[in-house]
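Trainee: The chain contents come next:
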Amino acid sequence: MNKQSGHLSEFQIAFRHFRRNRLAWTGVMILSLLYGGAVLADFLSPYSFKDENRNYSYAPPTSIHFFDNGRLAWPYVNGMKLSFDEYNKRVYQRDPAKHYPLQFLVKGEEYRFLGLFPCRRHFFGVEAPGRWYLLGADARGRDMFSRLLYGGRVSLTIGLMGAVIAFSLGLIIGGISGYYGGRLDNFLMRLCEMFMMVPGFYLLLALRAAVPDNFNSVQVYFSIVIILSFIGWAGLARIVRGMCLSLREREYVLAAKSLGLSDIRIILRHILPHTLSYSIFAVMLSIPGYILGESALSLIGLGIQDPYASWGNMLSDAMSIVRIKFAPWILSPAFLIFLTVVCFNVIGDALRDCLDPMLKAEGHRDG
Amino acid sequence: MLSTTSDPRSFNDIIAKETSTTLVTGHIFEGLTTTNAFTTKVEPHLAERWEVSPDGLVWTFYLKEGVVWNDGRPLTADDVVFTFNDLIYNPDIPSSARDIFTIDGKIFKVEKMDDHTVRFTLPVKFAPFLRGMSQPILPQHKLKKAVEDGRFNFTWGIDTAPEKIVGTGPFRLTRYDPGQRLIFERNPFYWKKSEEGDSLPYLDQIVYLIVQNADVELLKFMEGTLDSYSVRGMDYPLLKPLEKDGDFTVYDLGPDMGSQFIFFNQNPGKNPNTGKPFVEPHKLAWFRNAAFRRAVAHAIDKDKIIEIVNNNLGYPQHSPMGPAAGFFHNPHVVHYDYDLEKAREILRGTGFMDKDKDGFLEDEKGNLLEFSFYTNAGNTERMDIAAIIRQDLEGLGMKVNFRALEFNTLVSRLTSTFEWEAVLLGLTGGIEPHFGKNVWMSSGQLHMWYPRQESPATEWEKRIDEIFIQGVQELDEKKRKQLYDEYQLIVSEQLPLIYTILGVKIYAVRNKFGNLKPAPYGEIFHNLEEIYIKEGYK
Amino acid sequence: MLKYILKRFLVAVPMLLGIALLTFVLIRMTPGNYLDTVRLDPQFSQETIAYYEKLYQFDKPLLVQYIQWIKNLLRLELGYSFHYNVPVYRIIGSRLWNTFLLSLAGFLLTWVVAIPLGIWAALHRNQFIDRCIQFFSYVCFSLPSFFLAMLFLFWASQSGALPLGGMYSPGFESLKPWGQLTDILRHLVIPAMALSIGSIAWLQRIMRGNMLEVLGQQYILTARAKGLPENRVIYLHALRNAINPLITLLGYEFSSLLSGAALIEIICSWPGLGSLMLTAVRSKDIYLVMASMLMGGVMFIVGNLLADIGLAKADPRIRYE
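Protein chains in written order, with the numbering used here: chain A, 1 to 367; chain B, 1 to 538; chain C, 1 to 321.
Next up, chain A with everything else stripped away, as it sits in the complex (with noise of 0.2 Å):
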């Protein structure tokens, strides 16, 4: 790793010229606070992500009070109860007997705090039989913002893990495909072609129908981020390929070739990292990908299922423009993914701009 420690300093160089963008370090921010949101979804979601309460169907953002009988309160919900109108309109009515006070670590479903051990407080909510709305309610009155910090685990890790899979195979063929040229060159390439050819939302519903239907909820998620990365994988191989096709030329590699290192210690520990750059802002730039392909394998009903919460499978339920007419909260999912792209894209931006002096160092010098 003696080739490494010149480029660490590069890193860090990089590094505080990320830091000196203000847009890319409010999308860190942001995206900090979604990934937490995600990780301690069980601690601070007032209720689990099936929590159903049949009564409050699509009910709206509970509101808060602060006064009760016109005079200052600790803040407090009401009981809500529902009623169809003449046109079949839902319509919740405040039942002002009911009067349940806001808590912070109220005591409610038992789950696992982190994995390790169990616990029964969440972050806030109300007691029951009381139930707090933040951002609504869905069909079966389950809590909307429950749902999305849920939802969160799998849309925000759906396209971590897609994007690792797909560069690391990309890298990898692309490496191969790049280092040794020639027929296995042609070969490799006519296959990725291949796979750029079949137009991918064919290929991605083929592929689906595939996947076994025993398979449980963990399988599901782990079979559309693979069907997703074996979508993605080709382009980044032929990229990868084109840089190392210029890269094996270098004197540095004809060197440790005369020096009889083998291939498969050349190509990992000389050439492929040199496209590391490269490949860091370009996973970061493809991750929205995943994100909306998962939302539209969702909406044609063969994502995360129910009820298992994603923000694809959440969206799915808002595409329709008379649930959003009478219940517009459901569109929160579409805000977050519309948050969580632009996000990556800021930092993968920020991350080109950065790393570009080194690109154009090593990859682009004879360009």
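Honestly, the hints are just simulated from the structure, not real lab data. Wrong hints could be hidden among the right ones.
What the hints assert, rightly or not - With a straight-line cut-off of 20 Å between C-alpha atoms, the simulated DMTMM-like cross-links for lysine to aspartate or glutamate are:
#1 A/K89 x B/D78
#2 A/K81 x B/D303
#3 B/K357 x A/E110
#4 B/K64 x B/D78
#5 B/K304 x A/E110
Stated by the list, open to error - Rough simulated footprint, nothing fancy, chain A against chain B, three-plus residues with beta-carbon under 8 Å:
#6 311-318
#7 351-365
Positions of the beta carbon are idealized from the N, C-alpha and C atoms, including for glycine.
Since the structure of chain A is provided, determine the placement of chains B and C on it from the hints.
Mentor: Here is chains B and C on its own, set in the frame of chain A:
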């Protein structure tokens, strides 16, 4: 201007199988009889009248004089004979009609007496015969050659030039743009006259837009492009207040025909290749226990399902023949109220207890009460119903592994591999109970909980078989009703299918149509030929 | 050059067959076949279903079916659609054209909007206008296109400015040729916008990056130093060199639009391949799926080839052997 959600798959009424096709062919072709949309009684249509021999086996139909195909050629008895003998009973032509008109493997004898008289000779008595005679008649002069060449199966596909499709119906197809629209034009040769003696139909043209997305359909209706819209429960609060401003009316035609039900695998068979039973024996024992099924029936929160899924517009279903079936509907069957306590009690009574205190029940031998529960993906309404039922069953202490499968996968499990445990599915219904024989007779292949039995597995299944065999040969309507009432009662007691809810048929139609007579049976435009556009709307 | 094109086509043939095999295996890997839908219809008997099974050779092994399909392909027969009961080419033809039209419109829109936008942004680097463009490109990039399509439709229904989905107006036949053209164009606006808005954002950023890179190059500085007029420097020298690398993207971009169109077609009722494919895959209408996949592949190959030829024309340094 109307709309449909999907492309037709054929214009060939004999081969055609589903609603997107019959929607098209329904305007073009007609049968000898028709069903009155208000009374559900059978009425003459292409046939002027008919006679039946005292033993009920020989039926003579007299065709209306002056009925002309839309290319100007007259309709004759030859066409009727051709439709039955050369098309429906042709072994080379796959046709669902053949299954209906075959009794115990025997077919009807169809003969031409003269140009306008046809005689049907039945092997045995067949009660739904007249209703079956609404089978569309196809033109011999257009199709004879195709049948002789063995090409009929590929004739009148969706790539056919519209003018080649010849029928006697009020409209004829003039244009089909795949994925976009179908245009029908008035058939100038149509035989029917209005009471005032006007030539029907009044409308010069009907356009169907093919709109796949129901929301876009709604927008198009609200914008004014479409004249009619089939209202989903959730659209109702949006559309109903707009009636005046939008100049349309929302018609509520009552409960829908289609049913949604959950059922359990009661098939004791074994996979012939692996020797493994389709259902594990201890699970099979639960599923075959009617008490277990009753407990599940008590856990179906029909009211909340209607509220949540259908926006409080819907009906609980108790009997296999819904209220939409009219005459044959039996309201006096066993009703199962949503009562989780009662369900728990029944489960306790059958030996289910939570012995290891893990929150889930075990049976007497200590097997965990766990099963998989499937429905088909893509139908959001059904997914919601399944999700609600699942939640309640888990509340009872059952471990339910719910999964939405692709429709094809689900069907192949139901009909060929038999490896499933519980399923939520729907079937469309009709007003003639006999046409459901494939579901209810134990030998039927849609007898889904245990299909194609060689002899009835239970007493009650045996009784239902008897009822269906007797019912089809019973010509006295009252006695027939008694028989089918009994079958509905047995089903509600034994619960092979546990029914959930019925949707509603609600249509929003612009106020521009005259003679619009929405009827509970049949679509909103069942009398399309009599409908005209009012003055001031043209 | 001709030799090169010929060679490319020869290479394409096994790839297309590979795609077909992949599709075939994928579809057959999953349990169930087309007849499953028929099986649940209460009005069908065993005999009828057995008849169909024989007709479509579903009882034969997989390889036999595949070889049979290739044999038919050589006779230019794409197979038979079970779902529609007609030869596949009859269904695909018009829909392929419609999808092509939509993709083309999206493609043109992307390039016509993104290139000037990218140049504009690059010339005003880090100024207000650049920031605005970058901000909007983030926004456009970040919503699923099908969701945008729905929002556009909703907007159109509120404003009445544009038709809601479909391809023609009701009175299309009675219009004059010019009117027919504008009618189709009006219907194209929403789906093409939904389709291209993400690509615009993406291409605009690449163009901006390229332009900035070129503007910093030695020869541009030299040209400026020589006192050439600024417009001449930018449009004659910089632009040419900034666009060249984009041409390689052209082919790939085109095929990705093709596949991106599927969901938008469904939402906008555009009569293209997308909705057809969705039903076909779901009902395992195998030959229809394979034919559609092949068409997608062909479009990709042609697009790529055109891109390479374009590149060779634009950049005299590149020669294909």
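Trainee: CA of A/K89 to CA of B/D78, is that 20 Å or under?
Mentor: violated, 57 Å
Trainee: Are 3 or more residues of the segment 311-318 of chain B near chain A, judged by a Cβ distance of less than 8 Å?
Mentor: holds (count 3)
Trainee: Is the Cα-Cα distance between B/K304 and A/E110 20 Å or less?
Mentor: violated, 27 Å
Trainee: With the threshold set at 20 Å, check whether the alpha-carbon distance from A/K81 to B/D303 stays at or below it.
Mentor: Roughly 16 Å separates the two Cα atoms, so the pair holds.
Trainee: Is B/K64 within 20 Å of B/D78, Cα to Cα?
Mentor: holds, 14 Å
Trainee: Does the structure keep B/K357 and A/E110 at a Cα separation of 20 Å or less?
Mentor: holds, 16 Å
Trainee: Please check whether the segment 351-365 of chain B has three or more residues whose CB lies within less than 8 Å of a CB on chain A.
Mentor: violated (count 0)
Violated hints, in rising order: 1, 5 and 7; the structure is consistent with all others.
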